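Visitor: Top to bottom, those sequences are chains A and B.
Start counting the first sequence at 264; every next residue gets the next number (this note's numbering).
Start counting the second sequence at 176; every next residue gets the next number (this note's numbering).
Simulated from the structure, these hints should not be mistaken for lab results.
Since we're looking at a predicted model, the values are computed, not measured.
Each residue gets a CB set at the ideal place from its N, CA and C atoms; glycine is no exception.
Every clue listed holds true.
Covered stretches of chain B (in silico footprint by chain A; criterion: 3 or more residues with CB under 8 Å from a CB of chain A, positions within the stretch not fixed):
no.: 1; stretch: 243–249
no.: 2; stretch: 490–504
no.: 3; stretch: 577–585
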Amino acid sequence: MMNELTKSMRDLTTLARNLMLTVVVLSMMVLSYGEITLASGQQGNLSPKPEQQTVQSVVAKQAALVTEFEVNGLKVLLKKREGSLTVAAGLFLRGGAANTTAQNAGIEQLMLNASTEASTGFPREKMRSELSRMGTTIGTGSNYDYSVLARTE
Amino acid sequence: MKRKLLLLSLLLCFVLPANLATGAPTQQTAAKPAQTRQTAAASSATKIPEAKIISQLLPNGLEVIVMEDHSIPLVTIELAVKNGSYTEPPELNGLSHLYEHMFFKQNRAIANAEEYLRAIGQMGIAYNGTTREEVVEYYFTTTSPNIRTAMQFMKDAARYPLFDEREFAREQQVVIGEIDRNESNPFFPLQQEMNNRLFYRYTSRKNPLGNRQTVSGATTAMMRLIQQRYYVPNNSALVVTGDVDPQEVYKMAQEFYGDWARREKDPFVEFPLVEHPPLPKSEGAVVTSPVQNVVLNIGWHGPSIGKDNPATYAADVFSFILRQPNSRFQRNLVDSGLVTGVDLSYYTQRNVGPIQLLAQTTPDKAHAAIKAIYEEIAHFNDKDYYTDEQLESAKALLEADDLYSREKTSDYTHTLSFWWASTGLEYFRGYLPRLRATSRADISRYVTTYIQGKPHVGLALMSSDAQAKIKVQPEELIGQ
Numbered sequence: 264m265m266n267e268l269t270k271s272m273r274d275l276t277t278l279a280r281n282l283m284l285t286v287v288v289l290s291m292m293v294l295s296y297g298e299i300t301l302a303s304g305q306q307g308n309l310s311p312k313p314e315q316q317t318v319q320s321v322v323a324k325q326a327a328l329v330t331e332f333e334v335n336g337l338k339v340l341l342k343k344r345e346g347s348l349t350v351a352a353g354l355f356l357r358g359g360a361a362n363t364t365a366q367n368a369g370i371e372q373l374m375l376n377a378s379t380e381a382s383t384g385f386p387r388e389k390m391r392s393e394l395s396r397m398g399t400t401i402g403t404g405s406n407y408d409y410s411v412l413a414r415t416e
Numbered sequence: 176m177k178r179k180l181l182l183l184s185l186l187l188c189f190v191l192p193a194n195l196a197t198g199a200p201t202q203q204t205a206a207k208p209a210q211t212r213q214t215a216a217a218s219s220a221t222k223i224p225e226a227k228i229i230s231q232l233l234p235n236g237l238e239v240i241v242m243e244d245h246s247i248p249l250v251t252i253e254l255a256v257k258n259g260s261y262t263e264p265p266e267l268n269g270l271s272h273l274y275e276h277m278f279f280k281q282n283r284a285i286a287n288a289e290e291y292l293r294a295i296g297q298m299g300i301a302y303n304g305t306t307r308e309e310v311v312e313y314y315f316t317t318t319s320p321n322i323r324t325a326m327q328f329m330k331d332a333a334r335y336p337l338f339d340e341r342e343f344a345r346e347q348q349v350v351i352g353e354i355d356r357n358e359s360n361p362f363f364p365l366q367q368e369m370n371n372r373l374f375y376r377y378t379s380r381k382n383p384l385g386n387r388q389t390v391s392g393a394t395t396a397m398m399r400l401i402q403q404r405y406y407v408p409n410n411s412a413l414v415v416t417g418d419v420d421p422q423e424v425y426k427m428a429q430e431f432y433g434d435w436a437r438r439e440k441d442p443f444v445e446f447p448l449v450e451h452p453p454l455p456k457s458e459g460a461v462v463t464s465p466v467q468n469v470v471l472n473i474g475w476h477g478p479s480i481g482k483d484n485p486a487t488y489a490a491d492v493f494s495f496i497l498r499q500p501n502s503r504f505q506r507n508l509v510d511s512g513l514v515t516g517v518d519l520s521y522y523t524q525r526n527v528g529p530i531q532l533l534a535q536t537t538p539d540k541a542h543a544a545i546k547a548i549y550e551e552i553a554h555f556n557d558k559d560y561y562t563d564e565q566l567e568s569a570k571a572l573l574e575a576d577d578l579y580s581r582e583k584t585s586d587y588t589h590t591l592s593f594w595w596a597s598t599g600l601e602y603f604r605g606y607l608p609r610l611r612a613t614s615r616a617d618i619s620r621y622v623t624t625y626i627q628g629k630p631h632v633g634l635a636l637m638s639s640d641a642q643a644k645i646k647v648q649p650e651e652l653i654g655q
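Start from the sequences and build out the full structure, keeping to the hints where you can.
Guide: Structure (structure tokens):
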């Protein structure tokens, strides 16, 4: 079981490393948006009220903000939110409780928790200080059909 | 701080129900302005703009606060009232909360509650109310075209309640059921014991939930008493956020609330807040409840808004220093294996905000954990207790916390109400700059003024079996 666990954690680390690449791109884009919004906000006293939006137009507008691509086989969904200065990233893994048995129930959550403690690229001390410095936290969660490793920055 | 509620809830999330500290929301959707958050945002290198909040006072004293966010066509209209347990003498304890339950009932415009709720539901309006120690909030969240309708709903509910006797009797039972649910939580006795010991002279003023006696003995006349005292424009704020134009909001506010008669005498002048006396001495106690682990809880009287604002900023920064996993506090207590989680938090309040340390451990480690916690407290003021980097990271984390909380405008509305009621908007506007300016000297003053060597309450929650086995002593719980 430990070997499997170690292997799973290695796989997870690889996926997470791939994800980090996309997060960097994402953060730059969103921060740029934030600056633009701020700049325009400084020009006038009050933003003009936008055109009346219909439910359909809102859905279409939100959908247009989502792009989809792959990195090394990892599906990436990227959604921009205008004006937002935060970045959130979640690595979703099919599995969850559906993937475990009575004998190893809970092991996925244990693996995810362990993976947030340290990695080969980020020893424990470094990971902790970097997360604090950036105002970032990493959370994990296990569901019936999937698990998630998420960070917000 | 308030997230301060959050902060406390970082640990409370695994020991206490989220609604215990807040008096519990009552209606459909769960309003959790202080909901637990495990994530924060923003690099310290990024200059974070403060939230753009505009406010205007109507001639009758109603403060209208607007925050625009046009990212999606939703608006939240919230009425915040300076009411809650801090206004409650023992005989009225829990009645701000009962009043909150009556808010979405019959009023002059709506013949019965069912019709009222149906009308709200048909428009997809989410609504709720929350009662805390120093504020009661009511909100409607809806799509922006419905803003006038929601504003009308709010006006009728706030100004013209009918307090129908049958609805009132029904709601008394609903609130008693809420008390039952809270008391069913094994951690409830811990929080109650802490409140009762910390605020021993005026316990009702820190207990928004109230008790069965006051709730079952309440009358509609008491509801009208609360209405006359507190539900007046010069004791309220209208907070509107989302896809709105501030000028239109002001016009609507004037139209719907402009003729709401102000109260001649400020309710807090006529019915002043009590002065919670300081603890004469430290005291410890074991609280037994059917739990498996041991929860340690140490409480102090913290600073009050209006009396020592600088200490409130230092309190927040210090809490965030200790919360960092690399802090000496976390290393010595969590990494050592003595506790599974520990947190020091300050809850911003106008009338004595409590400072609380919460830790969870196992019965076999309880004695060692208590000793280690007091050893840490003794070193809080040491020069090398935290690094300059940890100090700066704490500020970055606090700013990120604020930034992240703005992501969901409807929730941020509750945050604005909280600040307005307990600190005033000016405190809120200056919050981030003052955090940035917080120095080691400020933190040192906070620690020596409120924590080290100060009378406090030390409690341990565990099962009676565990206590019979490990025999934790009251003196031990106060560090003696």
